[in-house]
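Chains A and B supply the protein sequences, listed in that same order. Going by UniProt numbering, the first sequence opens with residue 1, and the numbers climb by one from there. Going by UniProt numbering, the second sequence opens with residue 1, and the numbers climb by one from there.
A couple of the hints might just be wrong.
Note: identical chains are not told apart, hence a pair may lie in one copy or across any two.
[Said to hold, decoys possible] Taking lysine to any residue pairs in the SDA-like style, the calculated list, with each CA pair at most 20 Å apart, reads:
| id | residue 1 | residue 2 |
| --- | --- | --- |
| 1 | Lys235 | Asp120 |
| 2 | Lys54 | Leu222 |
| 3 | Lys253 | Lys449 |
| 4 | Lys54 | Lys360 |
| 5 | Lys73 | Ala410 |
| 6 | Lys513 | Gly169 |
| 7 | Lys446 | Phe284 |
| 8 | Lys452 | Glu468 |
| 9 | Lys73 | Ala361 |
| 10 | Lys54 | Leu366 |
| 11 | Lys54 | Gly223 |
| 12 | Lys73 | Asp153 |
| 13 | Lys360 | Pro63 |
| 14 | Lys73 | Gln157 |
| 15 | Lys465 | Gln136 |
| 16 | Lys202 | Leu443 |
| 17 | Lys73 | Ser141 |
Derived by calculation from the structure, the hints in this document are not laboratory data.
2 protein chains.
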Amino acid sequence: MKLPQISSHRRVACVSLSGVSKPPRGLVQEKMTENAVFSQNMVLTIDTMNPNVKKVEYAVRGPIVQRAVQIEKELREGVKKPFTEVIKANIGDAHAMGQQPITFFRQVLALCSYPELLKDNMFPEDAKSRARRILQACGGSSLGAYSASQGIDCVRQDVARYIERRDGGVPCDPDNVYLTSGASDGIVTMLKLLVCGEGASKTGVMISIPQYPLYSAALAELGAVQVNYYLNEEKCWSMDLSELERSLAEARKHCNPKVLCIINPGNPTGQVQSRQCIEDVIRFAAKEHLFLMADEVYQDNVYAEGCQFHSFKKVLFELGPQYSNTVELVSFHSTSKCYMGECGFRGGYMEVINMDPEVKAQLIKLVSVRLCPAVPGQALMDMVVNSPQPGEPSYTTFMKERTAILSLLAEKAKLTEEILNTVPGITCNPVQGAMYSFPNISLPQKAIKEAKALGQAPDMFYCMKMLEETGICLVPGSGFGQKDGTYHFRMTILPPTDKLKLLLAKVKEFHQKFTRQYS
Amino acid sequence: MKLPQISSHRRVACVSLSGVSKPPRGLVQEKMTENAVFSQNMVLTIDTMNPNVKKVEYAVRGPIVQRAVQIEKELREGVKKPFTEVIKANIGDAHAMGQQPITFFRQVLALCSYPELLKDNMFPEDAKSRARRILQACGGSSLGAYSASQGIDCVRQDVARYIERRDGGVPCDPDNVYLTSGASDGIVTMLKLLVCGEGASKTGVMISIPQYPLYSAALAELGAVQVNYYLNEEKCWSMDLSELERSLAEARKHCNPKVLCIINPGNPTGQVQSRQCIEDVIRFAAKEHLFLMADEVYQDNVYAEGCQFHSFKKVLFELGPQYSNTVELVSFHSTSKCYMGECGFRGGYMEVINMDPEVKAQLIKLVSVRLCPAVPGQALMDMVVNSPQPGEPSYTTFMKERTAILSLLAEKAKLTEEILNTVPGITCNPVQGAMYSFPNISLPQKAIKEAKALGQAPDMFYCMKMLEETGICLVPGSGFGQKDGTYHFRMTILPPTDKLKLLLAKVKEFHQKFTRQYS
Numbered sequence: 001m002k003l004p005q006i007s008s009h010r011r012v013a014c015v016s017l018s019g020v021s022k023p024p025r026g027l028v029q030e031k032m033t034e035n036a037v038f039s040q041n042m043v044l045t046i047d048t049m050n051p052n053v054k055k056v057e058y059a060v061r062g063p064i065v066q067r068a069v070q071i072e073k074e075l076r077e078g079v080k081k082p083f084t085e086v087i088k089a090n091i092g093d094a095h096a097m098g099q100q101p102i103t104f105f106r107q108v109l110a111l112c113s114y115p116e117l118l119k120d121n122m123f124p125e126d127a128k129s130r131a132r133r134i135l136q137a138c139g140g141s142s143l144g145a146y147s148a149s150q151g152i153d154c155v156r157q158d159v160a161r162y163i164e165r166r167d168g169g170v171p172c173d174p175d176n177v178y179l180t181s182g183a184s185d186g187i188v189t190m191l192k193l194l195v196c197g198e199g200a201s202k203t204g205v206m207i208s209i210p211q212y213p214l215y216s217a218a219l220a221e222l223g224a225v226q227v228n229y230y231l232n233e234e235k236c237w238s239m240d241l242s243e244l245e246r247s248l249a250e251a252r253k254h255c256n257p258k259v260l261c262i263i264n265p266g267n268p269t270g271q272v273q274s275r276q277c278i279e280d281v282i283r284f285a286a287k288e289h290l291f292l293m294a295d296e297v298y299q300d301n302v303y304a305e306g307c308q309f310h311s312f313k314k315v316l317f318e319l320g321p322q323y324s325n326t327v328e329l330v331s332f333h334s335t336s337k338c339y340m341g342e343c344g345f346r347g348g349y350m351e352v353i354n355m356d357p358e359v360k361a362q363l364i365k366l367v368s369v370r371l372c373p374a375v376p377g378q379a380l381m382d383m384v385v386n387s388p389q390p391g392e393p394s395y396t397t398f399m400k401e402r403t404a405i406l407s408l409l410a411e412k413a414k415l416t417e418e419i420l421n422t423v424p425g426i427t428c429n430p431v432q433g434a435m436y437s438f439p440n441i442s443l444p445q446k447a448i449k450e451a452k453a454l455g456q457a458p459d460m461f462y463c464m465k466m467l468e469e470t471g472i473c474l475v476p477g478s479g480f481g482q483k484d485g486t487y488h489f490r491m492t493i494l495p496p497t498d499k500l501k502l503l504l505a506k507v508k509e510f511h512q513k514f515t516r517q518y519s
Numbered sequence: 001m002k003l004p005q006i007s008s009h010r011r012v013a014c015v016s017l018s019g020v021s022k023p024p025r026g027l028v029q030e031k032m033t034e035n036a037v038f039s040q041n042m043v044l045t046i047d048t049m050n051p052n053v054k055k056v057e058y059a060v061r062g063p064i065v066q067r068a069v070q071i072e073k074e075l076r077e078g079v080k081k082p083f084t085e086v087i088k089a090n091i092g093d094a095h096a097m098g099q100q101p102i103t104f105f106r107q108v109l110a111l112c113s114y115p116e117l118l119k120d121n122m123f124p125e126d127a128k129s130r131a132r133r134i135l136q137a138c139g140g141s142s143l144g145a146y147s148a149s150q151g152i153d154c155v156r157q158d159v160a161r162y163i164e165r166r167d168g169g170v171p172c173d174p175d176n177v178y179l180t181s182g183a184s185d186g187i188v189t190m191l192k193l194l195v196c197g198e199g200a201s202k203t204g205v206m207i208s209i210p211q212y213p214l215y216s217a218a219l220a221e222l223g224a225v226q227v228n229y230y231l232n233e234e235k236c237w238s239m240d241l242s243e244l245e246r247s248l249a250e251a252r253k254h255c256n257p258k259v260l261c262i263i264n265p266g267n268p269t270g271q272v273q274s275r276q277c278i279e280d281v282i283r284f285a286a287k288e289h290l291f292l293m294a295d296e297v298y299q300d301n302v303y304a305e306g307c308q309f310h311s312f313k314k315v316l317f318e319l320g321p322q323y324s325n326t327v328e329l330v331s332f333h334s335t336s337k338c339y340m341g342e343c344g345f346r347g348g349y350m351e352v353i354n355m356d357p358e359v360k361a362q363l364i365k366l367v368s369v370r371l372c373p374a375v376p377g378q379a380l381m382d383m384v385v386n387s388p389q390p391g392e393p394s395y396t397t398f399m400k401e402r403t404a405i406l407s408l409l410a411e412k413a414k415l416t417e418e419i420l421n422t423v424p425g426i427t428c429n430p431v432q433g434a435m436y437s438f439p440n441i442s443l444p445q446k447a448i449k450e451a452k453a454l455g456q457a458p459d460m461f462y463c464m465k466m467l468e469e470t471g472i473c474l475v476p477g478s479g480f481g482q483k484d485g486t487y488h489f490r491m492t493i494l495p496p497t498d499k500l501k502l503l504l505a506k507v508k509e510f511h512q513k514f515t516r517q518y519s
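Just chain A, same shape as in the assembly (with noise of 0.2 Å):
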């Protein structure tokens, strides 16, 4: 991706659209160029533009990344650095690490694009069989038709077979599950569906800090009020109840408070969710009149001895009645996580829980609007909740592939988290699940008096210097959100276990030279 040309010049004045002048902006002795006059009479500036997308921030694709991109430009273009490859473990993206794709949901994919492809031997027939059921529940037996824009009817019915399956029988309406364009798709439209009001009544919306930054990102877009509650780092980043009756008090002095967004196993912090956790998470929305989001991609992701998975659905179901019949919960689910990592696809779905009615009809209103999630996408969720059974002859190539993608995760993770550890001012929680590690880093006082100079976040200062130094990409802390005054990074565990060792070495050598520097 090359970067856009940011001007050098800024505008030294601008005339609204009502003729009205605003004061000189900027430094008087800028250069009237040439450029800034055309500025000046354009429709759409950096002034005129929507200010709540001004407000958004999204890190995991924020400056650094952008800085990366350069340097990888520059290495091309023989620039002599300090290394000799940037190493990006910025972001999710397994495919982009190496992770290969499961065969037989690439088989059914590529059957379903050329159909021509079912009359060859090459391909074995469970994978044949998936492909014909998938098209001919498409518009002209067509990947290229509409699909209903709630989603295919039959990948929503094995949706919530595969939800059934999951929650130890746990009963799902296929007419509750909405397919998506990935998970953020279906977590703006349940924002979009839940925010209004100004002032005193505008929505609040609790989010974990640290958090994934399309959260904070989807907020500002549609101007609602963000409200943090902290994660505690000390016990392994769970969620304190008494954390969120703190928050929640906060915000109802100046918002109305109406909904609880849990990202488990957590992003950027790798932790899993206890049950009695999610229980009391449950109770705490129950008593406080809150509409839960569940945030469950990461749900195959879990590696740590004593960890388990347990989705929201089936923990509510649990509690009874007196819950299961009243609490308002969407669980997200993707396919660019777990062991499949497809995220280019794009491919994700919702379930909703007692969602009121005439809610839902306006909720397929809305998501008709944009016609339907890409369907190859569908077709590939479909695959992952009705992926190849025992007796199938794809069965054990799939096992296999699985199961090697899920047990390699868990070694780097552990490996991530140990070796993060031997540094001396770099604390690292168990990466329990999902496919980050937070540590906490130590900076030095000097750092963060440079930093604040530069009008940088400290983290931020820190992640650019590895950058430029070693070639390492990651994430600041401050790009996910962290209580004052500590800083981390997030570091993906995707990289080749190889290009892993070589990262985590890197990062050592860094942090200790850093420390060395700014003491």
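Start from chain A and add chain B according to the hints.
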């Protein structure tokens, strides 16, 4: 798609989150059912949800289509009807109507999905080389990796070269090209950037009436002011400068109009704008300081003798630097229409011209929150802009398929216009381009009165009756907007010729019967 169950009880009271009761709503004699008791305690109800979402309407998948899906289900269940199948002419969904995908496109997609096939001899070399090129540009050589948020580099380069060829050499910078999830995604993204303000300074967006309801839906959701300008039905749905002036002057009294949207070739109206008209519009936008949004997704769908597609960009550059250096323009294209009709892949791109570099940086940030458009759709977009060339093995077949599809559409456009114009009380403009006819229908006063008594738009009443009696699914003109007192429907020209003839005969018969019945 199964329809959501709409609660038959309306809540009789509603307790807001702050605990203050609102006065009872609805009829007091309504039973306080369990459901109602439950509903009054919910967080998300029709009363507490985002009111902007409630205002959204999208006729193309509205009540008529929902009823059509229901009728299909009834037919499957053996319910007797005066017809045996529902014929859907409500949506531009070519594959669903039996149009076959372009072989070359699907071969490349299969190769990209399952690269093992690159070893197979069944695929032509040009398909393989296209697939290799796309895979090389993907992270880890996989469609499953996230792409750059702006879209895959080499695809944007191919788009730029395509635009240059299309526009007779007018240069295109790949940095101005953004890949999108269908054109809808691009349109909504641009409107998000543009819309802001409150009261009299709220952004106004000028859209044609009749319009494609994505526009009105997006504007409702964003809380922008929809500014209508009427197309001239008497002059084959052309744009009148005087009407633009009237509309703008009106709008300036109560909002800040800063965007002018054009759909060419037209949806739902099927007209192809003349070069002169486009020139006039550009001069108007320049003079009136308006940002131009040109929806050009039907650029290959031009059928009428003497009509030709002129891109706004080409005309802009031909008007000289006074315009080409100043007028802000964005143009949208898609994989969903033209000869390919690959709606399900949600591929598309937009090109921005004269966008403030600071705003471009904001745009990149905004699209990065959603990570990337689905990669298979990007690959497909690449096929469209980089189709087989003379001398390549797939060229002959590709051209044969492409020409056959476009010729058939031209035939069906003519056929539709001709047959509709034989019906007394139906007047249909030539279907010069796109995929729709939008005939004017005379409705008897008695029918209008009966519709109004039912709280329905008269053409909704008409279309619903047609659906129930004939199984034909059209979209009423009121879903697109029309001059007061006029009535229309939108009908696609996509059904296979035999079915289209049957459909037109049924429309004719129904219209005559309806007219007799209500005269």
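Verification of the supplied hints:
Proximity of Lys235 and Asp120 under a CA criterion of 20 Å is satisfied in neither setting, with 55 Å inside one chain copy and 54 Å between copies. Taking CA atoms no more than 20 Å apart as the test, Lys54 paired with Leu222 passes in both settings, with 12 Å inside one copy and 15 Å between copies. In this homomeric assembly, Lys253 and Lys449 never come within 20 Å of each other (Cα to Cα): the closest approach is 34 Å inside a single copy and 53 Å across copies. In this assembly of identical chains, the alpha carbons of Lys54 and Lys360 lie at most 20 Å apart only when taken from different copies (12 Å versus 31 Å within one copy).
In this homomeric assembly, Lys73 and Ala410 never come within 20 Å of each other (Cα to Cα): the closest approach is 33 Å inside a single copy and 48 Å across copies. For the homomeric pair Lys513 and Gly169, neither the shortest alpha-carbon distance inside one copy (54 Å) nor that between copies (54 Å) is at most 20 Å. Taking the shortest Cα distances, Lys446 and Phe284 never come within 20 Å of each other, neither inside one copy (43 Å) nor across copies (58 Å). In the homo-oligomer, the alpha carbons of Lys452 and Glu468 lie at most 20 Å apart inside one protomer (19 Å), although the nearest pairing across protomers, at 70 Å, exceeds that limit.
Taking CA atoms no more than 20 Å apart as the test, Lys73 paired with Ala361 passes between copies only; the shortest distance there is 19 Å, against 49 Å inside one copy. Proximity of Lys54 and Leu366 under a CA criterion of 20 Å is satisfied inter-copy only: 9 Å between copies versus 25 Å inside one chain copy. For a Cα distance limit of 20 Å, the shortest separation of Lys54 from Gly223 qualifies both inside one copy, at 11 Å, and across copies, at 18 Å. For a Cα distance limit of 20 Å, the shortest separation of Lys73 from Asp153 across copies, 13 Å, qualifies, whereas the shortest one inside one copy, 45 Å, does not.
For the homomeric pair Lys360 and Pro63, the shortest alpha-carbon distance between copies (15 Å) is at most 20 Å, but the shortest distance inside one copy (39 Å) is not. Taking the shortest Cα distances, Lys73 and Gln157 sit within 20 Å of each other only across copies (17 Å), while inside one copy they are farther apart (46 Å). Taking the closest pair of Cα atoms, Lys465 and Gln136 never come within 20 Å of each other, the shortest separation being 54 Å inside a single copy and 30 Å across copies. Neither within a single protomer nor between protomers do Lys202 and Leu443 lie at most 20 Å apart by alpha-carbon distance, with minima of 38 Å and 46 Å respectively.
In this homomeric assembly, Lys73 and Ser141 come within 20 Å of each other (Cα to Cα) only across copies, at 18 Å, whereas the closest approach inside a single copy is 43 Å.
Going through the hint list in order, the structure does not satisfy hints 1, 3, 5, 6, 7, 15 and 16.
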